[in-house]
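The listed protein sequences correspond, in order, to chains A and B.
Everything in the first sequence is counted per this note's numbering, starting at 14 for the first residue and increasing by one.
Everything in the second sequence is counted per this note's numbering, starting at 7 for the first residue and increasing by one.
Hints were generated in silico from the structure; no laboratory data involved.
Owing to the predicted nature of the structure, the values given are computational and were not obtained by experimental measurement.
Just so you know, not all the hints are guaranteed correct.
[Said to hold, decoys possible] Straight-line distance between alpha carbons at most 25 Å, and here's what the computed PhoX-like set of lysine-lysine pairs gives:
#1 K312/B / K270/B
#2 K236/A / K79/B
#3 K201/B / K79/B
#4 K13/B / K79/B
#5 K201/B / K236/A
#6 K201/B / K80/B
#7 K13/B / K80/B
#8 K269/B / K312/B
#9 K270/B / K236/A
[Stated by the list, open to error] Sample of chain B residues facing chain A (criterion: CB under 8 Å; computed from the structure):
#10 Q10
#11 Y11
#12 Q12
#13 N49
#14 T103
#15 L104
#16 D171
#17 D174
#18 E215
#19 R216
#20 E217
#21 T223
#22 R224
#23 V227
#24 V229
A virtual CB, placed ideally from N, CA and C, is assigned to each residue, including glycine.
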Amino acid sequence: MRLAVRDDSDVGLADLIAAVGRLAARDAALVSRIAEMLHVEGQPHSEPAETKTIAIPERTTKPAAAPAPPKREPVRAEFLPSVITRARSDAPAFATPMPSLPPPTDEEREPPPPFEPLFQPSLARAMLGAALATPHPHGPADLRRMVDLVSRGQAIASLPRRRVPTLRRGVHVLVDYSSGMMPFRRDAAWLVDEISRVVGSETATVLRFHGVPSRGVADPRRKLRLAYEPPPPTVPVALITDFGIGFDDFASDHATTLEWIEFLRDVRRRSDVLLAFVPYPRRRCPRDITSLATVIEYDRGTTLTAIRSLVARHWRRG
Amino acid sequence: MPYQYQKIFTAPPTAVTTATRSRRDRRDGAVYVWNEDLELAVNIAIATERPLLVRGASGTGKSSLAASLAVAKKWRYYEEVVSSNTEARHFLWHFETLQRFSDAQAHSIRPSLHYVEPGVLWWAFDPESARRRAADSSLVAPLADPNRFPEHDDSRAVVLIDEIDKADPDVPNNLLVPLGSLEFTVTDANDAIVKAITPPVVVITTNDERELPNAFTRRCVVVRLEPPNRGTLLRIAEAHFGSDSSGLYERMADALDAIAVVKKAQGLPTPSTAEYLDAIATCRDLGVSPGEHPTWRAVERAVLLKPSMQDETRGA
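Required output: the full structure, derived from the provided sequences and hints.
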């Protein structure tokens, strides 16, 4: 029995061979199921002698009795644009009534371009983990501090412990649904999904807002509009917003910088961590905003090191 | 057609019990309804010596699987429920820093090995080494084996690491080496190397509340426990409570189906097998039967519907 596998399936391939050998698995469906449980992507193939029984169409030869393509419906005149039907007899050649092209078939239709996330998918997990982790003072005993205290002859009243980063406090995500963020709607949704995967869907609260959260928020899970209430102080607050950078002059949901500053000051007073994922360069954010929130550029150029450095700066600043 | 292969582990047939069901979630491995896919997954995990990652919603029987396997094969059994505080090293060993510090203050300090507490993987890999904390028995007093089934003393063990998704994301990654190589070094015990004498079957469960790192899942045999269909649900009820002539199990399954339709439409999780069993136990003990009367409605609300504060506000 042979198995065609993807190039990157090498981790499970040895396991697959071991499992198939030890369990004496012979039939293709069983091998396929074992491969699935071991994350080996591929399809088992029978020995060449048996392939005769399996009808696999050859790509190079055209099948003699290929099914006819679906018959296209004739285009009805009333659906043609009126400008063509009203064309005058002395109209130029380009305006001469012409039958419209038939709608594209499934084969002709271009698939939508693949979604390219703004963070590198392979690094997103580490980047979000670094951004959203908060220090927790319950790590291993801090021997250096203990030695320091003992050497000074001071009594150790409580065991000093090292601070370790943790995601156990969850995250409070506020997603900007203003018209200025419309071009980034899919990126915001992707980021929310990634945050939920990293932090845990049970501990991630996601709320939406227009303009600024202080005007009110919507809870998509409970389908409710609510007055904004910040989370408990230890829960990090993560905004996905452009702070009005990409606003549209005619949009009614635009918030002023002053409104944002008031909101951020209010949250900052109550929360230990306030992050903002902004799909524009950091320098475009007003200085008053960057001094209140840790602004992370939501873009391909952002690196894990840059996020670590921004977060470390926040914790040093306190 | 069932899979044909040379089984290392054969799932025991489901025995119909006559015993009264325990009020708590079963961890004794006495009753478990296996299916072909699950049996295959266990066989693959044994054949490849890889951990078995069991995914699925709460109450689908993920945690009970490990105990059932240990009972069926008479293997030793250890379990550790993960919390948000759990660190990967906790599964290997734990050093009682605070105790040592306290003893030092009281001038009654003992050899450092005394403060080493073996974790579940150490016990599973090499129970003799864990018992004497990798030291000469003259140095430290031997520890008692936390094997949940002391009557099983086979060289192979089953380890349950329950709800790994509750831990910080680094925990699964930090377990890759000890679970992959089946050995680790105890830095607090003179760098003693602990090697698995017989590879244990490590069953890891996740409710999928948090996605696990790819590197970790790719080194596991993965199986998903789907909610049981009606026939399986009735078999599970029979296995737990014995056969039913009153039609209670059927009526409860009908009630469960009706609630599942409503919950699905609201985008909420549907009642689990564990809740179905709780509802049957309640009805049997209180002499209630699914129907229109208010007592059943109260039982249904408390055991199956479990309305959230939000639902209650809406209702009001």
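Hints, verified against the model:
1. K312/B / K270/B: Holds, at roughly 14 Å.
2. K236/A / K79/B: 50 Å, violated
3. K201/B / K79/B: 22 Å, holds
4. K13/B / K79/B: Given that 25 Å is the threshold and the Cα spacing comes to 13 Å, the pair holds.
5. K201/B / K236/A: Roughly 54 Å separates the two Cα atoms, so the pair is violated.
6. K201/B / K80/B: Roughly 22 Å between the alpha carbons, so the hint for K201/B and K80/B holds.
7. K13/B / K80/B: Holds, at roughly 16 Å.
8. K269/B / K312/B: 11 Å, holds
9. K270/B / K236/A: 15 Å, holds
10. Q10: 6 Å, holds
11. Y11: 4 Å, holds
12. Q12: It holds, given that the least Cβ distance between Q12/B and chain A is near 4 Å, below 8 Å.
13. N49: 6 Å, holds
14. T103: Since the shortest Cβ distance to chain A is 4 Å, the answer is holds.
15. L104: This interface hint holds because 6 Å falls under the 8 Å limit.
16. D171: 7 Å, holds
17. D174: With a closest approach of 6 Å, the D174/B hint holds.
18. E215: 5 Å, holds
19. R216: 4 Å, holds
20. E217: E217/B check passes; min Cβ-Cβ to chain A is 4 Å, inside 8 Å.
21. T223: 7 Å, holds
22. R224: This interface hint holds because 5 Å falls under the 8 Å limit.
23. V227: 5 Å, holds
24. V229: At about 6 Å, which falls below the 8 Å cut-off, the nearest Cβ of chain A leaves the hint on V229/B intact, so it holds.
The structure is inconsistent with the numbered hints 2 and 5, although it conforms to all the rest.
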